[in-house]
Structures are given as C-alpha cells and as structure tokens.
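Chains as they are written, first to last, in the working numbering: chain A, 1 to 235; chain B, 1 to 235; chain C, 1 to 235; chain D, 1 to 235.
Among the hints, a few may not be true.
[Said to hold, decoys possible] Not the full set, but computed from the structure, chain C residues with beta-carbon under 8 Å of chain A:
1. 18
2. 22
3. 214
4. 230
5. 231
Derived from the structure by calculation, the hints contain no laboratory data.
Cβ atoms here follow ideal geometry from the backbone N, Cα and C, with glycine treated the same way.
4 protein chains.
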Amino acid sequence: MLPNNDIVTNVYTGKDGVFEGLQSGSILLDSSTVDPSVPTALEKIANSKGSFFLDTPVSGGVIAAQSGELTFMVGGDKQIFEKAQGVLSGMGKKLVHCGGIGMGQAAKICNNMLLGISMAGVAEAMNLGIRLGLDGKQLMDIINNSTGRCWSSEIYNPVPGLMPNVPSARDYEGGFYSGLIAKDLGLAQGLATRTGSPIPMGALASQIYRLMCKAGLEVRDFSSVYKFIQDGQKI
Amino acid sequence: MLPNNDIVTNVYTGKDGVFEGLQSGSILLDSSTVDPSVPTALEKIANSKGSFFLDTPVSGGVIAAQSGELTFMVGGDKQIFEKAQGVLSGMGKKLVHCGGIGMGQAAKICNNMLLGISMAGVAEAMNLGIRLGLDGKQLMDIINNSTGRCWSSEIYNPVPGLMPNVPSARDYEGGFYSGLIAKDLGLAQGLATRTGSPIPMGALASQIYRLMCKAGLEVRDFSSVYKFIQDGQKI
Amino acid sequence: MLPNNDIVTNVYTGKDGVFEGLQSGSILLDSSTVDPSVPTALEKIANSKGSFFLDTPVSGGVIAAQSGELTFMVGGDKQIFEKAQGVLSGMGKKLVHCGGIGMGQAAKICNNMLLGISMAGVAEAMNLGIRLGLDGKQLMDIINNSTGRCWSSEIYNPVPGLMPNVPSARDYEGGFYSGLIAKDLGLAQGLATRTGSPIPMGALASQIYRLMCKAGLEVRDFSSVYKFIQDGQKI
Amino acid sequence: MLPNNDIVTNVYTGKDGVFEGLQSGSILLDSSTVDPSVPTALEKIANSKGSFFLDTPVSGGVIAAQSGELTFMVGGDKQIFEKAQGVLSGMGKKLVHCGGIGMGQAAKICNNMLLGISMAGVAEAMNLGIRLGLDGKQLMDIINNSTGRCWSSEIYNPVPGLMPNVPSARDYEGGFYSGLIAKDLGLAQGLATRTGSPIPMGALASQIYRLMCKAGLEVRDFSSVYKFIQDGQKI
Numbered sequence: 001m002l003p004n005n006d007i008v009t010n011v012y013t014g015k016d017g018v019f020e021g022l023q024s025g026s027i028l029l030d031s032s033t034v035d036p037s038v039p040t041a042l043e044k045i046a047n048s049k050g051s052f053f054l055d056t057p058v059s060g061g062v063i064a065a066q067s068g069e070l071t072f073m074v075g076g077d078k079q080i081f082e083k084a085q086g087v088l089s090g091m092g093k094k095l096v097h098c099g100g101i102g103m104g105q106a107a108k109i110c111n112n113m114l115l116g117i118s119m120a121g122v123a124e125a126m127n128l129g130i131r132l133g134l135d136g137k138q139l140m141d142i143i144n145n146s147t148g149r150c151w152s153s154e155i156y157n158p159v160p161g162l163m164p165n166v167p168s169a170r171d172y173e174g175g176f177y178s179g180l181i182a183k184d185l186g187l188a189q190g191l192a193t194r195t196g197s198p199i200p201m202g203a204l205a206s207q208i209y210r211l212m213c214k215a216g217l218e219v220r221d222f223s224s225v226y227k228f229i230q231d232g233q234k235i
Numbered sequence: 001m002l003p004n005n006d007i008v009t010n011v012y013t014g015k016d017g018v019f020e021g022l023q024s025g026s027i028l029l030d031s032s033t034v035d036p037s038v039p040t041a042l043e044k045i046a047n048s049k050g051s052f053f054l055d056t057p058v059s060g061g062v063i064a065a066q067s068g069e070l071t072f073m074v075g076g077d078k079q080i081f082e083k084a085q086g087v088l089s090g091m092g093k094k095l096v097h098c099g100g101i102g103m104g105q106a107a108k109i110c111n112n113m114l115l116g117i118s119m120a121g122v123a124e125a126m127n128l129g130i131r132l133g134l135d136g137k138q139l140m141d142i143i144n145n146s147t148g149r150c151w152s153s154e155i156y157n158p159v160p161g162l163m164p165n166v167p168s169a170r171d172y173e174g175g176f177y178s179g180l181i182a183k184d185l186g187l188a189q190g191l192a193t194r195t196g197s198p199i200p201m202g203a204l205a206s207q208i209y210r211l212m213c214k215a216g217l218e219v220r221d222f223s224s225v226y227k228f229i230q231d232g233q234k235i
Numbered sequence: 001m002l003p004n005n006d007i008v009t010n011v012y013t014g015k016d017g018v019f020e021g022l023q024s025g026s027i028l029l030d031s032s033t034v035d036p037s038v039p040t041a042l043e044k045i046a047n048s049k050g051s052f053f054l055d056t057p058v059s060g061g062v063i064a065a066q067s068g069e070l071t072f073m074v075g076g077d078k079q080i081f082e083k084a085q086g087v088l089s090g091m092g093k094k095l096v097h098c099g100g101i102g103m104g105q106a107a108k109i110c111n112n113m114l115l116g117i118s119m120a121g122v123a124e125a126m127n128l129g130i131r132l133g134l135d136g137k138q139l140m141d142i143i144n145n146s147t148g149r150c151w152s153s154e155i156y157n158p159v160p161g162l163m164p165n166v167p168s169a170r171d172y173e174g175g176f177y178s179g180l181i182a183k184d185l186g187l188a189q190g191l192a193t194r195t196g197s198p199i200p201m202g203a204l205a206s207q208i209y210r211l212m213c214k215a216g217l218e219v220r221d222f223s224s225v226y227k228f229i230q231d232g233q234k235i
Numbered sequence: 001m002l003p004n005n006d007i008v009t010n011v012y013t014g015k016d017g018v019f020e021g022l023q024s025g026s027i028l029l030d031s032s033t034v035d036p037s038v039p040t041a042l043e044k045i046a047n048s049k050g051s052f053f054l055d056t057p058v059s060g061g062v063i064a065a066q067s068g069e070l071t072f073m074v075g076g077d078k079q080i081f082e083k084a085q086g087v088l089s090g091m092g093k094k095l096v097h098c099g100g101i102g103m104g105q106a107a108k109i110c111n112n113m114l115l116g117i118s119m120a121g122v123a124e125a126m127n128l129g130i131r132l133g134l135d136g137k138q139l140m141d142i143i144n145n146s147t148g149r150c151w152s153s154e155i156y157n158p159v160p161g162l163m164p165n166v167p168s169a170r171d172y173e174g175g176f177y178s179g180l181i182a183k184d185l186g187l188a189q190g191l192a193t194r195t196g197s198p199i200p201m202g203a204l205a206s207q208i209y210r211l212m213c214k215a216g217l218e219v220r221d222f223s224s225v226y227k228f229i230q231d232g233q234k235i
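Please put together the full structure from these sequences, using the hints given.
Below, the structure is given as structure tokens:
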C-alpha cells in the first residue's frame, strides 16, 4: 500500500524493483489506491514475464485492517482472483471481484469520493447543530437513527469527545490523512473528467481537503475537516 | 406536517385558525419542518392562551411513517414533552427531546442537510462508477460494506433497478420531493448564515436541488439527483 | 454606512434614534448594505412622519469614496431621488435610480456577489499560474488583456507585489473586510432562497469568505482570499 | 486550433501527419488549447527533426479573431518566438512570451478558468437581480460601472436582449461552446491537482459547464449558463 502513482510504478519497474528477478507464475497483489491506468500498465508487464497482477485496494481503515475485516475490491482476471482469495481473506472479510484490471481502483475511488463527501457533510451538520445549541452527543444519536446516518457519523464521528478510539478523540493524530483523501479525490476528478461525469459534490470535497492540506492538516486524520470548518486553524 | 413557514403560521394564527377557540391546557404538536423562529413565535401565543406548543419534526420518510417507525425530534418544555410521548409513540419508535422550543427543528434541519449531501454524493459516486464500467449492483454492495455506506445508499439507493419499493424504482414518483429538500436546505443556509457556520457542502447541495427544481424535477423524489447529473433532462 | 441590519434599524428606531425628533419633510439617505426589507420598513415609518427615505448603497470602495467617484444605487420614490441628486453627486460620479425602495440594495447585493466571485476567481487563477511557473506580473497583464479581465484583476489585484496602493501591497490591511463581503454574500443567499434563484458560484464564494473569517482573516481585506487559498494560514 | 489533446497529437505524429516530410528549420505554431504536456512532447520531436515548436493559444474569441485583435500567449524558445512575431501579429494585437514550452497553455488555461468563473458569476448575479425586480439593462449598466465589471458582463453579456451581436442575442448559437470551456476547465483541474493548488471556484465552474453539456447545451455558447441556471432546460 503505497501513496501514489509514481511510487507504485517505481517499486515494480525501477532498478532493483519487483519485476527484476520475478519468478514466472507469480501473482502480484497491490493494495495501493492509484489511477486505474497504473495497474493496467503493470499487468501488461507482469503478463509479459509469465506472471499475473491484480489491483486489490481496500476499504475500512486502520481499525478494520487490525481486526482482519477489510473489504478488498479486486480488479483483474477472475481465475487469478480466485487463486488469490486465500491470501486476501487473511486480512479481509469481504472480497469483491469488480471486473478487469483497474476496476478495483475504480470501485475504491468511487467509495472514497463518497467517504470524503460524507465526512465533510457530517462535520458541517454537527458543527451547525452545536452552534445552534444542540448537544453534540444527542445530535449524533439522532442522525444515527435517521436518514443522515453514515459510516462517518456512526463509526468515525469527527467531533471530539463523542466517541472513544477514533482520531477525533486524539486531536486527529493517526488514521487516514487529509493528504491521502485529497489524493484519492484528485484521482476521482481525473476519472470524472475523462468520462465527462458530473461530480459537483466530489469536486468541492476535493478542494476542501486540499485547502486543509494548505492549512496544516495534511498529516492529520481527514475527520479534522471538523476542526477546519470550525476555525481553519493550524494544529 | 405542512410545507413552509407561512403556511404553518397561517394555520395557527389565521382566520378560523387553530388558535381561535383553542381550549386552555391544550398541547399543540407540529411536525412541519420550518425555521426555528416559527415554533418559537407560536409557543408564545399558545402560552398566552394557557396552552403549550412543541415542535416535533420527524425523520424516516413515507416508509417509516407507514410502519410507525419515525424518529421524532422534539423542541419545547421537557414536562410537556413527557406528556406528549404517548401520542408521539403511536407513529414513532424513537422520541428525542432536543432542547427548548425550536430545537427539534434545529436537529431536523441538520439531519436533512446531511441527507441532501449524502444523496447527491451517492448519486455522483454511483454514476461515476457505472460510467467507468462497474456493475451498479456490485458497486452498491461494495459501498454498503465500506466507508461510503449511508442511508441514501443502503435504504434508498437512487439508481434505478437496484432496489425495489424505492422512488428510483418508479421513475422517482412520490417520496420526498426535490422541492422539499431544497426548502430544508434553504432553512439550513439561513441558520448557518445567522450563526456564521461554514457549510460549503450544504450550500452546494442546496444549489443542486434548486437547479433540479428549475429542471423539472421539483415534484419528483430527491433521489432524482441521479437522473439530474446523468443528463439534466426534464422528466 | 453601518455594518448590518440590526445596527441600521436601531440607529433609526432606537432610543434617541434618527426618527425621534425628525423634522417633517426630511429626506433620509442610507448607504449601508442591508437586506431590502430594512429600508422598506424604514421608509414606512419615515412616511408616517411626513418624511422620505431612500436606500443609497455604493460601489467603488475606499479609493472611489476618497476621490468622489462612487456609484450610488438608489431605491425609492423617483421624485425624491431627483431631489437628493445634488447631495449624492458630492461623493458619486454615477447615480442610478434602480426602482422602488430596497432596489438599491438589490443592485448592490448582486454586484457584490459578482465581486466576491470574481475576486476568488482571480486569486485561484493567479495562484495556479504562478505555481505552474508563470511570472505573476505577466499573467496579470495577459488576463487584463484577455477575456478573464475584471475589476478584481485590473484595479485591485490580490497578489502582493504586482500593484501599489492596494490592500495586497500592505498585507491586506484596510480595504473591504472579508467579514463584510461574507455578510453581503449572506444577504445574497437570503434573497436567492426567497426567490428560488440558483446561485451555485455565489453560494460557494459565500462559504469561502466565511471560512476565511474563521481562519483569522475577518478584518483583513477580502483580497486576502489569495493568501487563504495559498496556505490557509492566520495572518 | 483543434479541440483536444489526442487530436492535436495525432495531427502531428499520425500517419500523413505534419511531422512526415517536415522541412528542417520549420517553425510550427499551434494555437489549440491543450495540456502543457502536449506541446512539450511535440517540441522534442520537432527539435529532433531540426525544427521548432511554439504553443500559441489565443484569447479573444471569434470577435477578436475576425478583427485581428487576438491575444497570443506563447510558450517556447524566446528567439523562435521573436522570429514568429511577424506571422502572429497578423491575427493578434498582443503577443506575450510566457516562458518555456507549454507556458502559453498555462497562461491560457488560467485565463479561461477565470473566464468560466466570471461568466457563471455574471449569469447568477443578473438572474438574481432580474428576479428581484431590477431592470436587466440597468443592472448590467450598474455592474459595468462598479466593482463587479468584467469582460463577461461588458463585452459578452449572457442575458438575451441586452447586447447586439453576442451569442445571447441569437439563442446562444455559435461562439465558444460550453463543451469547449468544460474541456479547458478540465485541463485546469488536472494542472491544479498536479500542483496541489486549491481552485474551489474553478472546480465548481467546471462541474457547472459539465452539467450543461449533459443538459443539451454542449454545442451552444458558454454564456448559455444564464439559460441553464434559469430553467435547466434543453434548448
């Protein structure tokens, strides 16, 4: 799981990279989140060496990884996917074959775009409610029993003091960095532009996390969007 | 449950309205979604006539109303709330006292702002994924098992053909009209401006539903945002 | 020229306010930027006292005020407007009768919404270009000779070092505060919601300036949006 | 002047393309608006054949082209630029050397992003004002004498009936298509993502023009954004 297109490509194709000395018949599994064109290119090289490549990005975050409950979204040859299931199920409780090479990335990027939108939405709704005089815990409880409920509200609430063991409980240390979701939303932008798909909310969320990176929150958990809209301040 | 500030106010204070001939000691429960200033004003009048007023907006939509599983968000005097619980529980499975008069509205408006954001986000993510070649049903399944999951994706998916008995299964007839969520988001804007609370995602969602009203989707379910971003066309 | 609805209303109707002891036949000219409902209410009171009221907001900023080159946008009775021209022309080079009472505000708020949009747009375009390696002065020159040219680029460029005697030349001290354009954009939101007018760009600009207020730029010139998108940092 | 990256590349490098049989010592001038990486790659090939390449995108639209008053933004070797000035000045009144190869594109894309923002802003402000009861011609006049003034308002106003000889006067036929500015804004997104530059207004404008393409306005002038926000309807 590496952070961007160039680094992933280089790990395989660079000097002393994975492709050097690769044993024929190997199955390469890469769980980075990158543009679908990256695994597409790497699969071609792997095939030319008698090996195989699957893109296997995940969802669930650090918490699900620790408990072996990740969702793997897999792109590539279906038979190879079936062979890889044993390994993947060691960390994942749900393995989904999403289609040909790169389609795991497509699914991951769509999910993360929605995640970025939801988290910003939860932050705005919670902040507005609290400023109007509502109790944060109660508002969270109402939302979680209503039509606004979502993973960002139920499992990973961005408001400090409402939940234990989430980044908002520790000043947004650790977790899934703003800089990383900004990168994923940048990938979504690229795919949306290529396919002419309107993503107004996704585009704005992308800009919000990018602004957060400028405001000193790049290596804080992305739920620090709550902090950002409250006061824009650097941590 | 009436559609806007003026209509609600008029039903109580207008000629032959509720306040004319109101018996002393009555408890008035109003489940409309309106600006918190409306119940605040009506409570004053009710009190001056020896009666009581609670704002009791709901979440859950037509489906939850039919099954008696609404969430009631209640603002007003706590003792009066306790007296009203018997009546409210006939239609609701969760009754929450949110604070003084108007605070039920505050909670409802925050929830609905998040709902409007989430639904637009689901529509964008599903449309992008399908255009990239993913199977809609599979993408929905992935999202519902990942960090993007939310009520709009799990219970009320906007993509036609994925779920039975939701508005997207019947060309967005019935349900919760775009015009109504546009109104709720307009209320959210007003409260955010009054309190100086940033709501970038909420503000954009507000504009998207308003544009949908202009595009002929005002009296279609708000999940028709999927149709809107696909082709902007009038139904 | 006072900063908001409540303060303006209070100056006229409050204790020891303008309306106390107002001489019959007076013409009241108010150049604050407020919701059109404020002058509408004040005109009624003025008329009831045998006097007159015009809303006369201005455009041009501190620079135009100092040189007597403001634009006055006037709402109210046309005959009264004609009587007031002598006074107004002392500070304004252009006096426009925009219609009945409140219509000066309508025009002002529309202009300022566009101003807020343009300034943010100039800041983004200049910042992007400079990051791509363009020379700031040259990019400004190109824009000012092309289709992107606007007042914010030609007269009031937000990039430090390109122009003398503008707020960007003095670390955004003075000028037209971010907090004030945020207020004007809030008024625009209210009017747009009331009339169901889509203003996606205006709504987003409103949120950007509101975020800037949270980030410590409330009492800096609104062209500090350039600073905000660069690094979000507090001054 | 060709419409996208692939077409431009193909015209030079494809079968029977420009590079086949190119005379050594030629200077190639390309006025398409494309990603800066395109002229960068083409310059390399040209140099390898003993020739030269400049990217020379323009601003001004059909009107300026007809009158020979275009602005040319030129990227590439400065000495080659000087040799090309004679040819370029036949169509342009302003020739600007913006830097190395691709920098003409950078300048053009920044300008056009601002243009797309301004035009949407003018459309919103004019529509809001007219709905509030202002006279369109008068509002345009006020804006053009105030801080909201910009090329989109002064030269190319999007409201039908206010100006002769502009696309809004002929139901948005001809001019600069929504589909083309959507493409330019897509290029801006790509550059902003690559450099981590926040462009919230540019990102939203990009989505608005993309939505317009879906709504049937792709081959109408981009000032039809006025029509789009009014009623979202297909022409």
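The hints, checked one at a time:
1. 18: Status violated, d = 34 Å.
2. 22: Violated. Min distance 39 Å.
3. 214: holds (4 Å)
4. 230: Given a least distance of 7 Å, the restraint on residue 230 of chain C holds.
5. 231: holds (5 Å)
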